[in-house]
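J.: Assemble the whole structure, with the sequences as input and the hints as a guide.
Quick note, the sequences are listed as chains A and B, same order.
Each residue of the first sequence is one higher than the last, beginning at 0 in numbering that gives the first Met the number 0.
Each residue of the second sequence is one higher than the last, beginning at 0 in numbering that gives the first Met the number 0.
Derived from the structure by calculation, the hints contain no laboratory data.
Predicted model, so just to flag it, every value in this text is computed and none were measured.
Idealized CB from N, CA, C, for every residue including glycine.
Honestly, I wouldn't trust all of these hints.
Unchecked claim - For the chain B half of the interface with chain A, some residues (derived, Cβ under 7 angstroms), not all of them:
1. Met0
2. Phe3
3. Val11
4. Arg21
5. Glu23
6. Lys24
7. Phe25
8. Phe44
9. Gln45
10. His49
11. Leu101
12. Ile126
13. Pro130
14. Ile141
15. Gly201
16. Gly205
Residue strings, one per chain:
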Amino acid sequence: MGNTFPKWTNWIAIKVLICLGALGTAVIALAWYSWTPKYTRVGYMPQQPIPFDHSLHAGQLGMDCRYCHSFVESSSHSNLPNAELCWNCHGPGKVKSDSPRLELLRQAMDPNYENYTGEPIQWVQIHETPDYAYFNHSAHVNRGVSCVECHGRVDQMPVVYHAKPLSMSFCLDCHRNPDKSLRPLDEITNLDWEAEDEDRDEFYSQLALVKGVDKDALVSADEEEGLEWGKELIGKHIREGWAVNPPQDCAACHR
Amino acid sequence: MRWFFLVFAFLVITMIIGLRGRGEKFSKPPFELFPDMDRQYKVKFQKPSHFFENGMGSRKPVEGTIPMGFHPPLTKEGGVPTSDLDFSYGDDYYNTGLFGDLYGKGFPKDLEVNEELLKRGEQRYQINCVPCHGESGNGKGIVSKYWGFPPVQGDKSDEEFRKEWDAFNGIPPSANLLDPRVMAFPEGQIFWTITHGKGLMGSYRGTVNVKDRWAIVAYVKALQAASK
Numbered sequence: 000m001g002n003t004f005p006k007w008t009n010w011i012a013i014k015v016l017i018c019l020g021a022l023g024t025a026v027i028a029l030a031w032y033s034w035t036p037k038y039t040r041v042g043y044m045p046q047q048p049i050p051f052d053h054s055l056h057a058g059q060l061g062m063d064c065r066y067c068h069s070f071v072e073s074s075s076h077s078n079l080p081n082a083e084l085c086w087n088c089h090g091p092g093k094v095k096s097d098s099p100r101l102e103l104l105r106q107a108m109d110p111n112y113e114n115y116t117g118e119p120i121q122w123v124q125i126h127e128t129p130d131y132a133y134f135n136h137s138a139h140v141n142r143g144v145s146c147v148e149c150h151g152r153v154d155q156m157p158v159v160y161h162a163k164p165l166s167m168s169f170c171l172d173c174h175r176n177p178d179k180s181l182r183p184l185d186e187i188t189n190l191d192w193e194a195e196d197e198d199r200d201e202f203y204s205q206l207a208l209v210k211g212v213d214k215d216a217l218v219s220a221d222e223e224e225g226l227e228w229g230k231e232l233i234g235k236h237i238r239e240g241w242a243v244n245p246p247q248d249c250a251a252c253h254r
Numbered sequence: 000m001r002w003f004f005l006v007f008a009f010l011v012i013t014m015i016i017g018l019r020g021r022g023e024k025f026s027k028p029p030f031e032l033f034p035d036m037d038r039q040y041k042v043k044f045q046k047p048s049h050f051f052e053n054g055m056g057s058r059k060p061v062e063g064t065i066p067m068g069f070h071p072p073l074t075k076e077g078g079v080p081t082s083d084l085d086f087s088y089g090d091d092y093y094n095t096g097l098f099g100d101l102y103g104k105g106f107p108k109d110l111e112v113n114e115e116l117l118k119r120g121e122q123r124y125q126i127n128c129v130p131c132h133g134e135s136g137n138g139k140g141i142v143s144k145y146w147g148f149p150p151v152q153g154d155k156s157d158e159e160f161r162k163e164w165d166a167f168n169g170i171p172p173s174a175n176l177l178d179p180r181v182m183a184f185p186e187g188q189i190f191w192t193i194t195h196g197k198g199l200m201g202s203y204r205g206t207v208n209v210k211d212r213w214a215i216v217a218y219v220k221a222l223q224a225a226s227k
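T.: Below you can see the structure in the form of structure tokens.
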């Protein structure tokens, strides 16, 4: 009796499996690497209509973030300033008002300019959560979460780019363990803040005053627990003091 | 099998070369798997909307209405609004700093000037005023590093003057708030100046709300008192 199947068919099943396995691995590796905001969003650096330099304004000149993003503390949305605010410094007779880079600003603001349109400047939004996730800026900055936690060192960026993934796990990591991201309220817009900058003595005195307990008791309680002076310790006290309890249910962000 | 792996290796290598690394800068809009869910057709903050004729999602309140959370316009008699969300649209002293055509002296009668208001004023002053007027109010903020005085024509030829004017790249000095001239300003005038600007100073009515403006006035008065 002749062979119905030729000899090579003995191995075909295994070979196909190996090939499929290799393909599957490659697809999974690709997905693992690139189907995440760490890949799709981080590094997004679009060109803005006016090349506004944050490293100059917020870094070198030391302007507060809230000079321009003025309603971040009272609104869920951190606003872009209106052109009038840019015009306050870059208007006629002031800083670089004739620069061709500010052409769009002049078109928007200078009624005496020949190309005046009055049209708003269409800035490109970089940090953009999906429309089904409702992020509230005021809830965060009023409870000690600094700008830098989500936006990175904007004061060092000549051109702003997307620095952190802002994925759902990024949010949840912090909501589950907020201590390392909380800081005193007056340092919210100080992107350079480190726990070492904080005066330990002063911090404990203030804390004792607010809590109405003895300062030395507070210090020794922390020392007994083996907590070292640093971000997490400061965050822990801020969380307890304000009863910060970040929600983790779906409805916290998705409505 | 050998052919498969050759093609496979080729694909993998092209992919590795073709893919940008994590965190590498790029300028095209990020990829979104379900764009219709990520970007829904609704009015969003400071975003264009094709639904409206002028293409802007941001709407002005319909005449005779008040946006949610804002307070109703005040009467001539004054008073202090219950909400912090307020921008001048009344014609009373609290909203204008004026009594008729004259700058008013003193704070609006229902505004309590206390430590809280001063603290708020200090914070808002640090944010909005310090770049030009400086921490102490002496007019030597960071901007003073770039001060320059515009050229004066005098007896220069037009061409010469034009050249000088084009080369001028400075900022005229900002006001020294501790100057006796400014110290003599009544509260209403400082409020009016923050609201409308003066000389080269622009208006801050769009970014500093009314109560914060009074808080800044209180803080400036405190700075002036401290410098005496």
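J.: Does each hint fit the structure? Answer for all of them.
T.: Cross-check of the supplied hints:
Given the 7 angstroms rule on beta carbons, the hint for methionine 0 of chain B holds: about 5 angstroms separates it from the nearest Cβ of chain A. About 5 angstroms separates the beta-carbon of phenylalanine 3 of chain B from the nearest beta-carbon of chain A, less than 7 angstroms, and the hint is met. Residue-level restraint check for valine 11 of chain B holds (minimum Cβ-Cβ distance to chain A is 6 angstroms; threshold 7 angstroms). Given the 7 angstroms rule on beta carbons, the hint for arginine 21 of chain B holds: about 5 angstroms separates it from the nearest Cβ of chain A.
A cut of 7 angstroms between beta carbons decides the hint on glutamate 23 of chain B: the least distance to chain A is about 5 angstroms, and the hint holds. Given the 7 angstroms rule on beta carbons, the hint for lysine 24 of chain B holds: about 4 angstroms separates it from the nearest Cβ of chain A. Because the beta carbon of phenylalanine 25 of chain B sits about 6 angstroms from the nearest beta carbon in chain A, less than 7 angstroms, this interface hint is met. Restraint check, phenylalanine 44 of chain B versus chain A: the minimum CB separation of about 4 angstroms is within 7 angstroms; hint holds.
Interface restraint check for glutamine 45 of chain B: the shortest CB-CB distance to chain A comes to about 6 angstroms, inside 7 angstroms, so the restraint holds. Hint on histidine 49 of chain B is violated. Least Cβ distance to chain A is approximately 14 angstroms, over the 7 angstroms limit. Violation of the interface hint for leucine 101 of chain B is found here, the shortest Cβ-Cβ separation to chain A being roughly 26 angstroms, above the 7 angstroms cut-off. Using the Cβ-Cβ criterion of 7 angstroms, the hint placing isoleucine 126 of chain B at the interface with chain A is satisfied: the shortest such distance is roughly 4 angstroms.
Because the closest C-beta pair between proline 130 of chain B and chain A is about 5 angstroms apart, less than 7 angstroms, the hint holds. With a least beta-carbon distance of about 5 angstroms to chain A, the hint placing isoleucine 141 of chain B at the interface is held under the 7 angstroms criterion. Interface restraint check: glycine 201 of chain B against chain A, minimum CB-CB distance 3 angstroms, threshold 7 angstroms, status holds. With its C-beta approaching chain A no nearer than about 5 angstroms, glycine 205 of chain B sits inside the 7 angstroms limit, and its interface hint holds.
Checked against the numbered hints above, the structure breaks hints 10 and 11 and satisfies the rest.
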